[in-house]
Structure formats: structure tokens, C-alpha cells
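So the protein lines, in turn, are chains A, B and C.
Terminal number for the first sequence in our numbering: 388, no gaps in between.
Terminal number for the second sequence in our numbering: 1552, no gaps in between.
Terminal number for the third sequence in our numbering: 2458, no gaps in between.
None of these hints come from the bench; they were simulated from the model.
Keep in mind it's a predicted model, so treat the numbers as computed, not measured.
It is possible that part of the hints are untrue.
Which chain A residues stay away from chain B? Per the calculated CB distances, all over 12 Å, these [as the list claims (entries may be wrong)]: (1) 59; (2) 217; (3) 226; (4) 364.
What follows is a list of derived Cβ distance ranges for each label pair [stated by the list, open to error]: (5) 2374/C - 1102/B: 19 to 27 Å; (6) 2219/C - 1102/B: 55 to 63 Å; (7) 1494/B - 186/A: 51 to 59 Å.
With a Cα cut of at most 27 Å, we get these calculated DSS-like pairs of lysine-lysine [to be verified]: (8) 1232/B - 1028/B; (9) 2222/C - 1534/B; (10) 2226/C - 1534/B; (11) 2197/C - 1192/B.
In this text, a Cβ means the ideal position worked out from N, Cα and C, and glycines have one as well.
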Amino acid sequence: MKLSSGTPRVIHGFAACAAVVLLCLPATASAQQGTLGFVITLWNLGSYETRFVDECPEGLNVGYDEYWWRGLSKPDRATLTENGLKSRLQRYFNAIRRGPNGEDVCMNPTAVTDPPLLLVEGDKAIGMDLDDKDGVAAGRSCPHREFTGIDGTAGVDNQLYRLLGCVYGFRSYGQVEANENENRKSNGKGMTLIEITGVDDPRNDPDVTVNFYRSIDLYTLDGSGRFLPHGSYRIDMYNGKPRYGSSVRGKIENGVLTTTPGEVNLPFYGNYTYQNRLFRDLRLRMTISPNGDSAEGMAAGYLGVDDLMFYVGSIGPIQSTTISNCPSIHVAANQIADGHPDPKTGDCTTLSSAFVFKAVSAFIVHDKGMRTAGAGRGLLDRLKGVFK
Amino acid sequence: MSTMRRAWRLTFTACALALLAACSETPKTTGAEAGMRLLTEPQYRQTIADVFGQQITIGGTFDPLVRTSGLLTVGASAARITPAGLEQLDRMARSIAAQVTSEENRDFLLPCAPADVRAPDDTCAAQFFGTTGRLLLRRSLAEDEVASLVRLANVSTRELGNFHDGLASALAGLLVSPEFLFVIEQTEPDPKREGALRLDGYSKASRLSFFLWGSAPDDELLRAAEAGELHKSSGLAEQVNRLLESPRLEQGLRLFFDDMFAFETIGRLEKDAIIYPAFSTAVALEAREQTLRTLMHMLLDEEADYRDIFTTRKTFISSALGRIYRIPVSRPDGGWMEYEFPEGDPRLGIATHVSFTALHSHAGRSSPTLRGKAIREILLCQRVPDPPGTIDFAAFNDPNSPAHTARDRLNVHSIEPACAGCHKLTDPVGLGMEHIDGAGQLRTNEDGYAIDASGSLDGFEFQNVAGIGPALRENVAAPACLVNRLYAYATARVPARNERKYLKYLEGEFADDGYRVPALLRRIALDEAMYAVKAPSTRPARVTDPVTGDPS
Amino acid sequence: MTVLLPRPVTRRSVLRGALGGATVGLSLPFLDLFLNENGTALAATGAPLPVRFGTWYWGLGHTPGHAIVPKTRTAAGIEFLTECQALKPHHDQLNFFGGFNMPLDGRSNYTHFSGWVASRTGTAPSTNSEIPAPTLDLLVADHLSNNNRFKTLDATACGIARENYSARSTNSRAAAEASPEKLYARVFGTEFADPNKADFKPDTRMMVRRSVLSAVNDDRKKLMQKVGASDRARLDEYFTSIRQLENQLETQLRKPEANQSCAIPAAPRRDGAEQNMPQGLEVDTVIANHRVMAQMMAMAVACNQTRVFNMVFSDNFSHMRRPGQTYTHHLLTHEETPDTDLGYQPVAFWFNCRTMEAFATFIDAFANIREGDGTLLDNTLIFAATETNYARVHSVDGVPVFSVGKAGGRIKTGMHVVGNGDPITRIGLTMMQIMGVPIDNWGTRSLQTSKTISEILV
């Protein structure tokens, strides 16, 4: 019985290695280095919300449907909404085409001029200080109000939150994010793999490399639909190279991984929309659980206005539940963008942002071909006695 | 040289040669009475698959068998069929017969088509029953037997108005007949030994076929039986070689290990979904497949030393198992991947497979006692006595120093004399495996408490589960156990007293053969012992009370 | 006192000789009728309602001191304590038997095994797998249930088919129906003949099947000559099973009598999450399965599909567990520390309470079916037992036994029967006698008895 020989060139999750160490292994082998792997299971906007919506003193924003309705004559209102009986979803196809010449205002946000978007006015936000305070002075960012982080950090930059924080659908109880996570869980699109290589000590290591890939394998779930750790995920390859594969450097201190800023391409899927999202100056801060089975953290960086608007516009009929409005978001996004000024115009093209995420440990499988099973041996030696 | 010396030398040489011959001569056995054994569920399924094809589905429940001498196949030699059991078998028989004669299957499963589908066709029916009946009853049918089957089909066809339905009815009867469900061995006078009996050709064919292929004899083996070839060593050798070289040998050996390792309950293995979320029925079934694949690959493909199954790092992994073992799995075709546990990983050999560690555990935690017992009984063929009835644990449960780990919980068993006798057989072995939890996953602690996994097996000490494999490999009982189980499986009965010398001899030969299993299979299949049969006892069976000795 | 009910006579009704180690007399031809003084219950049609027999099994006994108040003399009135609260409403349908012992005569007490084997077969096993004689339900079935569709119906709610506490011998033990779906398919599936359907046509296929089985039977003589003495008994049992199958077919070829009590239950369906996770031994699953199966079993009996039935709630080692807990019911009985204030093992006690609640559910299932001018339970006798008294120490003395039902008016109920150390086989003997099995002594060695428990006879 012959089977396909050749295990994948694979990097071990370290939990197994750690366990092995305790079992009295003879110390040998050169100092090879280990790898940690994770697959992101939940990804949400870092949106700070208070119980009484204090951050939106003027209330939440009006949506496209209201704007459309406001622009209709009374008889039109009656007909087009069937005396108010038609649901917002059913009305969507008319409402969205409220451009003067019937343009879809999400695809063509400049076709109409709407009242300005209500922005977040609060002081607190989830996020990181991305422009290192002197960003404006150094010509790297545009003037903008900064937040205080919920952990007390000063100078937090999160213009994406400022932009969308008062739009119902993008808040935590809105539809957008709930859908996104459900979609990804069931169809396996837009699954991000985080691979940490060069790890000598999974709890403390001053120098590691963090790589990002897209998984082509679906999540592994248990009988109740919870994410299971230690699954194996192949990375998306094209012509022998990973289709993603951005890399940044980082360090681990007491189980918390932080990375230096870098340009990172991440696969993204949500609400029927697929995107290659480019994050600039992306930093990761991720806390790994003591047994290595799971992790959670924050990813903060600059997201292009165009990337954002592509997504906001592509949500399509789901807008009927989000109470959002593309034209006003478009204008505001361009106005409050705070990163990466266009060299010619000086206008900023990206929005500072923060995303919170959860992950479970994963084996990240590269192409076929045997990686020596001994990878991680030196790691094992160093772990002796560390783990209880 | 003087004549005297020459004579001495000749005598001496002759004696030496005789001695030598005696040493290497296979011990004679007288066997046991010819038996009547029930087809086990796997044998039933395999036979139907071999006769009618894999596409035939069989649902229904079989009566449970009693595991005897470690094997269900041996228990089958005493099994009876209850009314409920026969009802199930009857339903299965009708379902199989309906499938065989269905539109999809009839063109290639039936040798002929009726002249008129609404009327009987005795010629076609005769053709069908002649060939199929032979394969199902494992012997040629006499003319009157075929005739009565044809008659039955004829009458049924008239009642039901359809040839295929009528044929199916008669076929269902065949599938529920005692000569199909039971392998009824027949003897005949042995022309080579005055007054002695031998198994007839068909019975030899059945023993051989169920031994090596787990199924009824095929057409060629039946032909050889009919021609008397199985009574000649050359004829027997030819068939044994044929069976050994066939890819169906793997099927047969799988059935054997399934029985020896008691895998029949693994499909129903339940683990607590909260404590072990990664475990599922799929994992349980794949765990069994992992072990069987590993065994087949090592023992058949590589003809490795049997004892290496306890220390091999090589195995096969599927994606569900990858999550349990915490190893990466590439899924090129969603199937199985060869894998070798790295140096330093404590998981060596089949005793660390999920199919062993999870099967012999509780739903929510591991069990050193169950694992120790399983190692003793399944791998070493040793008997662990039953627990005594009257034990009060009151003395042991101290609420002020709760037991955190299994070792703590079992500590009392090694202290209390009434418990220690048996628990010292099981616990020191099982406790060595505590780094593997109840679902087969490696762990470093039990709920935060350190695990002391030192143990021993018959004097071989080890620090943790990495030592279990080598301990088993060095244990002389392990290969002896395989020999005994295989022989019991081949003869489908508990080995008789007169076979003990032969079994010892076989164990020696197994060692000389480098513990290669195909060689052992060949030896058993070719030796006379497997077919030895003795005359039925004329005294009525007497049961005596094991305690008082009185007849009961 | 033996009672025989008239039944359709066939030449196969006669028992053949001794069975196992117990002595069973030959049955008498139906002409010898002994009616009790009160007369048998009559249905509207004038024909006597059949009395049915069943067993109900639960694993791991009771919590001593918290189940039933012990008494010193047999008398009316059972006092239920906390663990058996659920049985209070059924007091008048029950008898409780306490203080009966199981002398093993030096044979080992095979934990969780000897207890049920000795009490159900009359003989203590001499190995951990031996079933030395037929269980009492089969003796009753041999007497009563030969012309029903099923000789006995055996089911289990805990999903372990091989743990069927009804067996003829070690090697003759059927698999119990282990899920509601299986039980339903067997009884109410395609071959069920609805007695209340207006039109009835004997199914040609059944007639054909009957001919086929009859042909199988034809080979009997020839085959018996081919096998040795010990195997002849096994072949004989096979042919008995063939005959039972033939009987089954004959039953289905007869138009069933109209039966007001019979209503086909709805097929069991699993919704949503249940479909994906049939965790058979989680206690809630066992309870849920048991409830459904109890109703099906009761209806199967009401529809006269069988006259003898066996239901297992939890197996003898009760592997029942709760999600997220490492301990099973069995492990708890050994490893749980008794609470010093309560005086018992709290979680083990919890499982025992759930078990008694399930028992009440089973009783309800029979009590809720109207039959004649009473209920199905009035015409049933159930032997409800376990294999140990206090599971923690595996004691087999004082193993609690209940009888349920009025057996067609033949027994008194609401009694607490005190055994005073007598062998537990007195209970089985009495029940068999009530069911009309012509037996005047049962059991072997110290378990042998001929003393009927006359206090419960009417």
C-alpha cells in the first residue's frame, strides 16, 4: 500500500514540543529555532462604545434610505414604499440609485452631496499611537485629533473609528461585522495565518519574524461550532511563492508579541466582498495564552481610503440594515484621512485604524517537501523546566 | 579404522541425526473436535462483499459475541442465534437478496436473464444457485439441493409475479440457512492413519480462507478442495502461497487485528465534548484506521519484526488525527499522510496510538488501570483477575487531601492488600502513560498538577510513556501472545492442551523467522496442527461446579 | 398457585425438557384452566385481556438510608425517601422487596454482574461472563409469548446494545434495540400491521417468506446428523429461532384483532443539534431517549406486538455522565467522598434520583394507556431491579426490587415485602408463578427456593 510520500515542509506548533521537553530528553542538536503558528478566528473593528453612546453626542448617522426618502415627493413616497409597507431591503434597489441620473451612490459617491457625516466626538478609543506624535511635523501625517487609549496610552490614532463609530451598522451590534465573521467561519475565505519564526523562547524572545499568509483550508470546528486549535492550514501559493507573505519583525515579552511597523497585505472577506487589504505601518500586539493554544490582540495601522470605500460600497443590499450612507462616508473619509499624504496634492490617503482579533494555534503548511522533523529541537532544550 | 570404531561412528552419527531431526520436528497434536462456528459480523460482511461486491450495503444488528481467549472469533465457536438475532439476519438476507437482483446489479451478478421476467425460469435459476450456492455454503450443492432451491424460486415467482423477486426470495432463504450462517466442519476417515479422522477438503478450505482472508473460500480454493489437493502438502502449499500473495491477505489480517485489539466498540467511543472538544466519532474511526494501516504497512509491506510495532515512530495520520496528536497534516487528497514522530517525541509504537490510549480511558479522563489491563490482556495475553466484590473505599477518601492526579487516586490500590495483588499488574504500566490524556492527546500536567509518569512493566522500568514501547518490545510475552492469538484465530477455538507443545514450538520458530508475520502465517497454514481433528467424545458433556466439584 | 390463560394452541407450545440448570416443568395443555377466585379481567369484547410481563433495569442500586425506609415485617405501605420521591404518586402500583439476599456459595461476587445474573437466572455465575440459565423473562416468554409477533422486545436507553439483561445462556444473548429510531423501525416500521385499519390483506410476500423459512426447516434432520452432540443444542436453538420467525409471519398473516388501546406513535425525530451529537451516555440524553422508548415500548405492548418486554435504563456499570465532568456515575459511587453533613455521596445520589425519576416515567408510560376499563399497567407485571444494593461496596444483599402493575388483578400492590435474608429468587419465582409459568421451584444451591411470596398474592 503505497501512499503519497513526503510530509509537507511544516513548522510545528510549540505546544507539542513543550510537552516533549519535560520528558527527559537527552540534550543534543545545534541551536535550531522554532516557529509558532496561529489562524485568526475573529476580526473586528476596534470600536470603543459606551452604554449611552456618549461618543456620538448628536446621535447616530442617518442612512441612505432616509436621505432617499427625504428627497421624494409625498406621492412618490407612497408609491415607492407602498405606503410604508415595503421593507428597507426591498426599497434598497431604488433608494441606492438616488443619484441625479439614477447613479448608484455607493459606486459613485460624488454623484450627490449629502449633509456631513457625524463623527465620533469622544476622547477614548481602542488603538495605538501610530504617528509617534511628531508624524505631522515630519510630514508623514495630516493634522487630526488624537484619542486616549482605553489602556491609558496617549496619542492614539484611530481615524477609522472616528469615521465609522457613529454609523449603526459598523458598531458592534450592527450587521456588518457579525456577518463578516460568520461568513468567514463558514466559507473559509479571507482567513489570515500568522506565523512567528525564529522563536527561541515562546514566552520571551527579543527578535522574531512575523509572516502573514492566507489559508486555503477551512477552519476546523468541533461539534458545537467552536474553533479547534492545532489544525493544519496550507498557505495560498502561486507559481511557487506565497500569494501573500508580508513579513515584519517583532519581539515577545512575557508572552506578548509586538511587532515593528511594516507594510502588510492581508486577505479580507466580508459581506460577499473579497479584498486584498494593504495596511501600511501595521503593528501587531498579540497576547499568547500560557499553553499556546490561543491568542488575542490588536492590529493597528493605516488603511487606504480607497480600500475602505471599496468595501463600504460593495456591501450592497446589506446597507439596508447598516443605516450607513456612502456619499457622506466618502467625503468624511477623505477629509479626516491622516496618513500617507499624496506627494503631489498633500492630501492624506490613508486612515489610521485598529482591529481587535482572536486566534487559535495552527500548523502552517508550506509547499510539499519534507522539513526535517527535528525543527524545534533546540527550542525543546531551552524549554526544559520552564513549563509546568 | 577398525570395524568397531566405524560402527560406533555410524551409530553415533545416526543417533545425532535422529536427535537433530527430533529437535526440529514439528510437535504432533491431536487437535479438537470438529466445530460449528457462527460467522462473525466482519466475516459475514466480508463474505457478502466477496461474493456479491462492495456495493451491497448491509444494515442491521448482529447478536453480541462473548470474547473468549481474547477473540470474538473464538467466542463465535460457541455462539447461538437468538430469535431477535435471526430476525435481524433475516432482514439482512432479504435486503441483500433484493440488492443482488435489483436492476442496477442483476446484469453482472446474475449469470443469466430469464426468458420472461414475469415467469419462472428454472434453467436460469439452476445456473444461479449452482454457482452462488457453492460460494455461500462453501461447498458444491447436490443436485437435489439445487433442485429444491429452483423449486422454491419457481413457486415464489408464481406468487410474486416476477422472476427476480422469486429468485431473491429463495436467495434470502439461502442467506439465512444454517449452513451459511454457521461454518459446520465435517470430518472423514483419514486414509493415511488407520482409525483416525481428518477434516474434509471443504472444511480445510474454510479454515484456511477465514484465517488468511477473513472470508469464505473462493472458487479456486473450493476447486482445490474438491480435487483433494488440500490433503496433499504440495496442493495445500500451492493454495497457501496463493492466498498469502493475494492483496486480500491484507483484508484478512485487518480482520484479525481488529479482533485481537478489540476495536469493535471503537465506533461507539464517546468522549466528553467539553473536556475533549477535538474528539469525535470520526476521530475514533480514523484512530482505528491509523493503527491498522501502520500494522499492515509494517507487517505486510515491510515484513518487519513484529516487536517493532511497539517502538516504531512511523505511522499514518489524517487531518482529524493531526489535531489530536498536534502534528501538522498536509491534505493533498484529504486522506492519509505518512508521518514519522521526531526523535525526542515520546510517542513510539501502537501503545501510544489514539486507538489504544483513548479506547482504554474514560469519557472525561484517562485510566491507568484500564490501560494497564489492556496492555496485559490484549498485547501480552495475560489475565488480570476481576476486582473483588467487597471493597469499601471509605477508608481511602480523605476530603482533606484530595487526589489531584490519577497516581494519587490509585495510590490506595497499591497499599491495600486486597487491591494490590491485581493493581500491581496494571497500574505501574498504565501510570507510565499518564502524559497521554483520555482522548489520546499529549499533556504536561493534569489540571495544573505535575504528572509523575514513572512506571515499570515486568521489571523494565521507565520514566514516562516513551518507555512503554521498548518495555513491550523486550517482553517475551508479546510475540508469544501474537502466536497464540493467531493460532486460536486460525482454528477458531481455545487451544487444546495437546497443542501446548506445538505453540511453544511455533513461538520458537517465530523468533527464528525474525518475528516476521507472513512467515508465521505460512507456518500455521502449512502445519498439520491447524487442521488436526479428533473424534467426537461419546460421553455427554458434563459441567462441574468449579468450587465444589459437584456435577451441576 | 398457578394460573393459565387460554391461548391459541400450537404443537410448539410445549416446552422441551430442562433448560440450563433450572428445573422447569412441562407446560400443561390448555384445557386445564385454573381461574382465580376473582376471575380474570374482561375486555369489552368478552375475551380476557392478556397479562404482560416485563423487566426494567437500572444500574448501581440505591443510596442506603435515603431511598426507602426499611421495615421489619411485611406490611402495606412503602415509605419513600428523597431518592425515590418520584415514585410516590405510583405507590399503589408498586410493591417493594427489601432484605432479600443473594448467597453466592463461595462463587466470586463479579462486580456489577453476579447481582443481576443471580437474581434473574436463579444461579450465581462462576465466571465474569457466564449466564448459567435463562433469565426469568424468557421463561415467562416461553410460556406466554409464542404467538406474538415478537417473543420478547428488548431495548436499552443508554445506547449499549450488548448490555441486554435478558439471555438464554452465555452465548445466547440478543442485542437490545439501542435507540428510539431502531426500536421504532423494528416495531412500527413497514412490517407493522395496524389493528385498527379497516382493510387487511395478507401480504403475499409474507406468505412467500413463510414458504422459504419452511424450506430451511426441512434440512433440520439432515443437518443434526452432521454435528456433534454439543453443537446439536446450538442448532436446535437456531431452529427454534426459525420457528419464532415463522410464528411472527403467521401473526402478520392473521388479521389483527381491533384494539382500542393501540395507536401508532409518531416516528422519533431528532432536531437540530441533537442530530450532530448523539452523545449516548450523557445523562440528559439517556433520560430523553428513555422517555421516548418507554412510550414506544408501552404502545408496542398495548398493540400486542409482544407480551414480554425488557427495558434497560442505565447499564450495570452505569457509564452515565454529565457534560464537562470527568466522573461517570460509576466512578462517583467509588471515588466520591460522602458529604459528612448529608451522610451520602451527593453527586452519585443525584444520578440515583434521576434514575428513579426515569423509573416513574416508565411507569407513567404504561399507566397512561387506557385498556378495557383500566390501564395497560393494570394488566402488566414488571420486575424492576438492579444489580447491587450500595454500589460503593458492591453489596448483593438487600438488592432493591420493585414490582410494578397489577398483573390483571392477580397481585396486591402497595406492599413493602421484607425478605429477612431469604434468597432473592423468591421474588422471581413468585412473579413467574403469577404469570402462569408452571414452576414450583427455581434456582440452584442456596438460591434455590420454592417459597412463593404469598403476601402479595390476591
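Structure-based check of all given hints:
1. Distance check for residue 59/A against chain B: the nearest CB is about 43 Å away, which clears 12 Å, and the non-interface claim stands.
2. A beta-carbon of chain B comes within 12 Å of the beta-carbon of residue 217/A; the shortest separation is about 7 Å.
3. Once the 12 Å rule is applied to beta carbons, residue 226/A is inconsistent with being away from chain B; the minimum gap is 6 Å.
4. Separation of residue 364/A from chain B is inadequate, the least Cβ-Cβ distance of about 8 Å not exceeding the 12 Å criterion.
5. Taken as a hint, the range 19 to 27 Å is violated for the pair residue 2374/C and residue 1102/B, whose Cβ atoms sit roughly 50 Å apart.
6. Restraint check, residue 2219/C to residue 1102/B: a C-beta distance of roughly 28 Å breaks the suggested window 55 to 63 Å.
7. Here the CB-CB span from residue 1494/B to residue 186/A is close to 55 Å, well matched to the stated 51 to 59 Å.
8. Pair hint residue 1232/B plus residue 1028/B holds up; C-alpha atoms about 17 Å apart against a cutoff of 27 Å.
9. With a C-alpha separation of about 22 Å, the suggested pair residue 2222/C and residue 1534/B falls inside the 27 Å cut-off, and the hint holds.
10. Proximity of residue 2226/C to residue 1534/B is assessed by CA-CA distance (about 15 Å); at most 27 Å being required, the pair is judged to hold.
11. Taking the CA atoms of residue 2197/C and residue 1192/B, the gap is about 68 Å. The hint is violated against a cut of 27 Å.
The structure fails to meet hints 2, 3, 4, 5, 6 and 11 from the earlier list, while all remaining hints are met.
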